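Enquirer: So you can see what is in the structure, the chains are spelled out below.
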Amino acid sequence: GDSVTQMEGPVTLSEEAFLTINCTYTATGYPSLFWYVQYPGEGLQLLLKATKADDKGSNKGFEATYRKETTSFHLEKGSVQVSDSAVYFCALLNTNAGKSTFGDGTTLTVKP
Amino acid sequence: EAGVTQSPTHLIKTRGQQATLRCSPISGHTSVYWYQQALGLGLQFLLWYDEGEERNRGNFPPRFSGRQFPNYSSELNVNALELEDSALYLCASSFFQGVSYEQYFGPGTRLTVT
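Protein sequences appear in the order of chains A and B. Everything in the first sequence is counted per this note's numbering, starting at 215 for the first residue and increasing by one. Everything in the second sequence is counted per this note's numbering, starting at 4 for the first residue and increasing by one.
Don't read these hints as lab results, they were simulated from the structure. Note that the structure is a prediction, hence the values are computed from the model and not measured. We put the CB at the ideal spot given by N, CA and C, even for glycine. Each hint should be verified, as a subset may be incorrect.
To be verified - Simulated restraints, written as ranges between beta carbons of each label pair:
1. A:Asn236 <-> B:Gln21: 26 to 32 Å
2. A:Lys270 <-> B:Asn80: 40 to 46 Å
3. B:Gly55 <-> A:Gly243: 24 to 30 Å
4. B:Thr117 <-> A:Lys325: 18 to 24 Å
5. A:Lys270 <-> B:Gln20: 45 to 51 Å
6. A:Gly255 <-> B:Ala5: 16 to 22 Å
Stated by the list, open to error - To be clear about the criterion: a stretch of chain A counts as covered by chain B if any three or more of its residues have a C-beta under 8 Å from a C-beta of chain B, and this derived list gives those stretches:
7. 236-250
8. 258-269
9. 306-316
Can you build the whole structure from these sequences, using the hints too?
Expert: Structural data, given as structure tokens:
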């Protein structure tokens, strides 16, 4: 079945540091890939997406590239801010099944 | 544009009771999905409704059920509540385009079973 493996956390960075959160997946077919962010006490917000190989999703300075050859979708940001502190989830969507499969989440804390 | 809304925000029930959670999708979206986010278990897919019909179901017992109404809003019912049903229940919606679409999530309903 489908699965997503995310870099274990928590991750603590200083403001303006470079961020990478690794994500690899196993899936049949050609899933869409997503990064979601969850702030304390809130639901999931879609951060970025990619729907096919070599697509790059980007939003708010965050980027991730759909790498089919390495089955990866690593999240990066060049300069993190305190306001980026949250839990980040990598997910794949099996469009035929309507089912998203999520990684375990990575907690990011950015210190001033 | 209003996002996905869920009610109630918090729900406290006793073991053995029934809980009903509600979700209103984004206007124009015809699909509704339910997920459970339980401590230590991560986010797990529960149900998918599209155009009023159940399209897929996750690995949950039959006491988890739901429905989708003609206005595309949805209801999740959990019967015979157990302590381990305590979780954040997230609803998502999408316009089902078949090949590529994204799911937009609501703020969730926090269910506590005592």
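Enquirer: Starting from the hint list further up, note which numbers the structure goes against and sort them upward.
Expert: When the structure is compared with the hints, numbers 1 and 4 turn out to be violated.
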